[in-house]
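Please build the complete structure, drawing on both the sequences and the hints.
In order, the protein sequences belong to chains A and B.
Residue numbers for the first sequence follow my numbering, so the first one is 1 and each next one is one higher.
Residue numbers for the second sequence follow my numbering, so the first one is 1 and each next one is one higher.
Honestly, the hints are just simulated from the structure, not real lab data.
Computed from a predicted model, the values in this text were never measured in an experiment.
Think of the CB as a built atom: it goes at the ideal place given N, C-alpha and C, for glycine as much as any other residue.
A few of these clues could be false.
Residues from chain B that face chain A, not an exhaustive set, calculated with beta carbons under 10 angstroms [said to hold, decoys possible]: (1) Phe27; (2) Leu294; (3) Thr301; (4) Tyr302; (5) Leu305; (6) Arg308; (7) Ala317.
Not close to chain A: a few residues of chain B, all C-beta gaps over 12 angstroms, as computed [said to hold, decoys possible]: (8) Arg77; (9) Leu91; (10) Ile99; (11) Leu111.
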Amino acid sequence: MRESDDGQRLRRRFSRRAVLIAGGQAGLFGLLLWRLRQLQILDSSDYRLLSDENRMTMQLVAPARGAIYDRIGRLVAEDRENFRIIVVPAFCKDLKATLAAVSRVVPISAADEDRVVRAARRQSGYFPVLVTEGLTWQQFALLSVLAPQLPGVRTDRATYRHYSHASSMAHVVGYVGMAGKDEVDQDPMMRVPGFRAGRAGIEKSFDRDLRGRPGTIQYEVDAHGRVVRELDATPSVRGKDMVLTIDQELQTIALRRIEGLRVASIVVLDALTGAILVMASFPTFDPNEIALRVNLERWSEVARDKDHPLENRALRGVYPPGSTFKVVTALAGLRAGVITPDETMTCPGGFQFGRHYFRCWKRHGSGIDVHQAIKQSCDFFFYQTVNRLGIDRLAVTARELGLGQIHDIGLVGQKQGIMPDTAWKKKMLHQPWYPGETISCGIGQGYVSATPLQLAVVAARIATGRAVSPYLIAKAAGGAEPAPLGIDPAILDIVRAGMVAVVNEKGGTAVRSALTIPGVQMGGKTGTSQVISAKNRGFLKGWEGETHALFIAFAPVGAPRYAAACVVEHGGSGSHAAAPVMKDVMTELLLRDPAAQPGFAAGSQANASSSVAAAEPPQ
Amino acid sequence: MKALFAEGIERPQLLLKRKLVLINWPFLLLITAITLVGVAALYSVAGGALEPWASRHVVRYCLGVAFLFAVALSDIRWWLRAAYPLYLVALLMLAAVIIFGVESGGAKRWLGYGEWSFQPSEIMKIALVLALARYYQWLPPDRVSWPHAVLPPLFIIGAPTLLALNQPDLGTAALFGIIGGGLLFLAGVSWIYFIAAVVGVIAVLPHLWEKLHDYQKERVLTLIDPERDPLGSGYHIMQSKIAIGSGGLTGKGYMQGTQAQLNFLPEKHTDFIFTMFSEEMGFIGAAVLLALYLLALLFITYMALRCRSTFPRLVAAGMGLCLFAYVFINVAMVTGLVPVVGLPLPLVSYGGTSMLTMMVGLGFVLNAHVNRDTRIRREELGPFW
Numbered sequence: 001m002r003e004s005d006d007g008q009r010l011r012r013r014f015s016r017r018a019v020l021i022a023g024g025q026a027g028l029f030g031l032l033l034w035r036l037r038q039l040q041i042l043d044s045s046d047y048r049l050l051s052d053e054n055r056m057t058m059q060l061v062a063p064a065r066g067a068i069y070d071r072i073g074r075l076v077a078e079d080r081e082n083f084r085i086i087v088v089p090a091f092c093k094d095l096k097a098t099l100a101a102v103s104r105v106v107p108i109s110a111a112d113e114d115r116v117v118r119a120a121r122r123q124s125g126y127f128p129v130l131v132t133e134g135l136t137w138q139q140f141a142l143l144s145v146l147a148p149q150l151p152g153v154r155t156d157r158a159t160y161r162h163y164s165h166a167s168s169m170a171h172v173v174g175y176v177g178m179a180g181k182d183e184v185d186q187d188p189m190m191r192v193p194g195f196r197a198g199r200a201g202i203e204k205s206f207d208r209d210l211r212g213r214p215g216t217i218q219y220e221v222d223a224h225g226r227v228v229r230e231l232d233a234t235p236s237v238r239g240k241d242m243v244l245t246i247d248q249e250l251q252t253i254a255l256r257r258i259e260g261l262r263v264a265s266i267v268v269l270d271a272l273t274g275a276i277l278v279m280a281s282f283p284t285f286d287p288n289e290i291a292l293r294v295n296l297e298r299w300s301e302v303a304r305d306k307d308h309p310l311e312n313r314a315l316r317g318v319y320p321p322g323s324t325f326k327v328v329t330a331l332a333g334l335r336a337g338v339i340t341p342d343e344t345m346t347c348p349g350g351f352q353f354g355r356h357y358f359r360c361w362k363r364h365g366s367g368i369d370v371h372q373a374i375k376q377s378c379d380f381f382f383y384q385t386v387n388r389l390g391i392d393r394l395a396v397t398a399r400e401l402g403l404g405q406i407h408d409i410g411l412v413g414q415k416q417g418i419m420p421d422t423a424w425k426k427k428m429l430h431q432p433w434y435p436g437e438t439i440s441c442g443i444g445q446g447y448v449s450a451t452p453l454q455l456a457v458v459a460a461r462i463a464t465g466r467a468v469s470p471y472l473i474a475k476a477a478g479g480a481e482p483a484p485l486g487i488d489p490a491i492l493d494i495v496r497a498g499m500v501a502v503v504n505e506k507g508g509t510a511v512r513s514a515l516t517i518p519g520v521q522m523g524g525k526t527g528t529s530q531v532i533s534a535k536n537r538g539f540l541k542g543w544e545g546e547t548h549a550l551f552i553a554f555a556p557v558g559a560p561r562y563a564a565a566c567v568v569e570h571g572g573s574g575s576h577a578a579a580p581v582m583k584d585v586m587t588e589l590l591l592r593d594p595a596a597q598p599g600f601a602a603g604s605q606a607n608a609s610s611s612v613a614a615a616e617p618p619q
Numbered sequence: 001m002k003a004l005f006a007e008g009i010e011r012p013q014l015l016l017k018r019k020l021v022l023i024n025w026p027f028l029l030l031i032t033a034i035t036l037v038g039v040a041a042l043y044s045v046a047g048g049a050l051e052p053w054a055s056r057h058v059v060r061y062c063l064g065v066a067f068l069f070a071v072a073l074s075d076i077r078w079w080l081r082a083a084y085p086l087y088l089v090a091l092l093m094l095a096a097v098i099i100f101g102v103e104s105g106g107a108k109r110w111l112g113y114g115e116w117s118f119q120p121s122e123i124m125k126i127a128l129v130l131a132l133a134r135y136y137q138w139l140p141p142d143r144v145s146w147p148h149a150v151l152p153p154l155f156i157i158g159a160p161t162l163l164a165l166n167q168p169d170l171g172t173a174a175l176f177g178i179i180g181g182g183l184l185f186l187a188g189v190s191w192i193y194f195i196a197a198v199v200g201v202i203a204v205l206p207h208l209w210e211k212l213h214d215y216q217k218e219r220v221l222t223l224i225d226p227e228r229d230p231l232g233s234g235y236h237i238m239q240s241k242i243a244i245g246s247g248g249l250t251g252k253g254y255m256q257g258t259q260a261q262l263n264f265l266p267e268k269h270t271d272f273i274f275t276m277f278s279e280e281m282g283f284i285g286a287a288v289l290l291a292l293y294l295l296a297l298l299f300i301t302y303m304a305l306r307c308r309s310t311f312p313r314l315v316a317a318g319m320g321l322c323l324f325a326y327v328f329i330n331v332a333m334v335t336g337l338v339p340v341v342g343l344p345l346p347l348v349s350y351g352g353t354s355m356l357t358m359m360v361g362l363g364f365v366l367n368a369h370v371n372r373d374t375r376i377r378r379e380e381l382g383p384f385w
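Structure below.
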């Protein structure tokens, strides 16, 4: 039988090849033995020398972290010199006794001592552990003299992170902290003593860029840990510098302006490019308090504060936009043709829809056209408009203007806000959309919510008619202009004129906040949004039950360059609490006109400071 | 099942008692000896203590022996049936890792539910061998080298290899490659294919290299030459070489190894245990351990040669290839011959999953040995079922 012949031939072939493979395996094991012979017999004395008499130790050299500048090159975060004590547990005769000796010169807290002892147990004894830092020059000098008598103890000059204009920039820039255990396990670089990783803000988002690459120094050390000689060194590479679009001076002014309020935030954009010039949020904190050594007490105080100073309201505060949203409704209504520029209505002080009566904040009477409606913030007009328009068409325009979406500016934790429509409600709440819900959405209440950044984007897009997107990291000049929005310029003109009237025409809701600079005007829209709804009535008392005050603005009127949004949490009315803040910030902004100044060239400084990188030998 | 195989397999019924007699007891003794070396090494790594590793290693070995017997005494017909489904399940799980996998240390390798997690690639090591053996059991011998008969096994090997590369887990990918290629060779596929494969790879490699991005090239280069990355694996390899080298001919003595204790070999109880062992026991100790492994491999080759049917023959040989690949790659890695890929030393390294996989694999070797005279006729075997 042919088949069984083949089978037999295959089995013989298997036998031959199996023997061949077994031979090959034996041969490769021979290769391993040859390698072991090379290591353990031929070169053994070299390795024994390395192992027994002189132990090699590699020290990681922390790289300088990249600096962070504001738009014109003011330093906001930099590395500064820091005197530290480091201990290499393996070289200490008795770690606790050594620490006790050190503490006679520099006090070591019980927590620090505990941390060092635990670190020594957790990782190899040859990894240096940071004992304490921020020494004075005297302490540093004294310990440097004593160090040779204390095996394992080393002093060194490292750097710490210093933040200039700390509290005004804190939310944007963020801060750094010591690497946690997980990070250390993931990345050996984190074991560099005192190495810091970004914890929040730009420091966190761009940690990889800012960090740089650590260098190494290989020492030959004797049994007592004293350096015999340096074998090999790879210089560290400085991290990349970052240039922000923020104008630090204006940011500080803006923050000082909202400081007296309990919780407030303000965002200013370059309306033509989207560059974020100001992003201030109050209350804030001082990252310097935790940059050098963690002041745990102060830190937990900040972290537990019920006004949440760590939160960047500009990105993470989500508010019903209230009447500021009326500009969106107006645009959407004019676009869809459900209202015309000439149509006038008579405001009876409220709007009956089915069995529900929606109040207007005032009985505006007759002759209310869209211009007047924006200027006087007539709720009735927009109830009518949105009722004819429907939620879905409103949502399309609102999203085109930048609501209900995350404008990724590179910071983590940005909130999306909500621009509801029927599909959204179906998906999120598994319920159909009720027509009655449309009405309150028309004046920016109901499900509608937005962050101050989004509101600033809305202002910028209306001001320029372009799809401006905000950004925080300075770009090289000469980028493409944002694409135009698909909205008829004539319609935008009508809405802008309404916004100009809000501030500059008699009867406008923010007429008291008109700019006093001759020949320069700003346009804006007030908003007073309710926090009390049918559901939470009775739960929010006092401050928490107050309305939010909002204001969005652009300036100068003829050729808008700046767009902004300001939110004062539970601040009362938009015209009383938010518009005056905007007036003051806009005034300072227009007087300084930062957009006209040339930006800071990131390259020039960065090249000069990273000469270390250039000196690195090619590998 | 019975109806199909009643005539297909001669002597289909082996009594349990008979099976126990047929088991290769000396081989089991050899495995135990290798494991005991591991226990001793783990005892030393812990600084002369049973906790935390040595005692648990023993427990895991005992559990492994139970699995080994369960597999060795099971009915081989069952595994013929299960080979393809098992392979498919393993492949699906490997693919699922991409979507649901848990990331650890920059690579997605684990599938987990709650506290319970495992690496599908471990199951694949067994499933790959079974699937290939099953294929050649079915394939008529005269067609072994037909081009279209070579394609299915290439797919069977290629799919898990690519998935492992994607994780990325180079060690496992290499393991799949070695097992698969070796089995094709043993199954009798013509030399021409292997020569063509080698020539093809050599021809394509430079073009592929050109297409890579700079950072990708850098990553590959670091893999080949770890000294390029002195903070990562390069440092470990340097330390490992110092430890092994300083052991010398006779070693520093049991529990006397300073280098492994003092320096940071992060995984001295798992992947780098051979380093520790060679430092303390020297060249002689290392050679003895390697000899034990080689002896086990020769045993397996002998057992494969004794099998009358293709399926058990290839199953035994495949598990042998797996054991060899583990040992060779691990030792070559810690001695700096090949890049660090993170494979344990079988039976010696501490680790539950690898111990279990290895014991199940060896269970299959013994199963093949028990069924050495069982004749499986390919006519009764469907292509898939």
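Against the structure, the hints:
no.: 1; hint: Phe27; result: violated, 15 angstroms
no.: 2; hint: Leu294; result: holds, 5 angstroms
no.: 3; hint: Thr301; result: holds, 4 angstroms
no.: 4; hint: Tyr302; result: holds, 9 angstroms
no.: 5; hint: Leu305; result: holds, 6 angstroms
no.: 6; hint: Arg308; result: holds, 8 angstroms
no.: 7; hint: Ala317; result: holds, 6 angstroms
no.: 8; hint: Arg77; result: holds, 19 angstroms
no.: 9; hint: Leu91; result: holds, 26 angstroms
no.: 10; hint: Ile99; result: holds, 22 angstroms
no.: 11; hint: Leu111; result: holds, 21 angstroms
Checked against the numbered hints above, the structure breaks only hint 1 and satisfies the rest.
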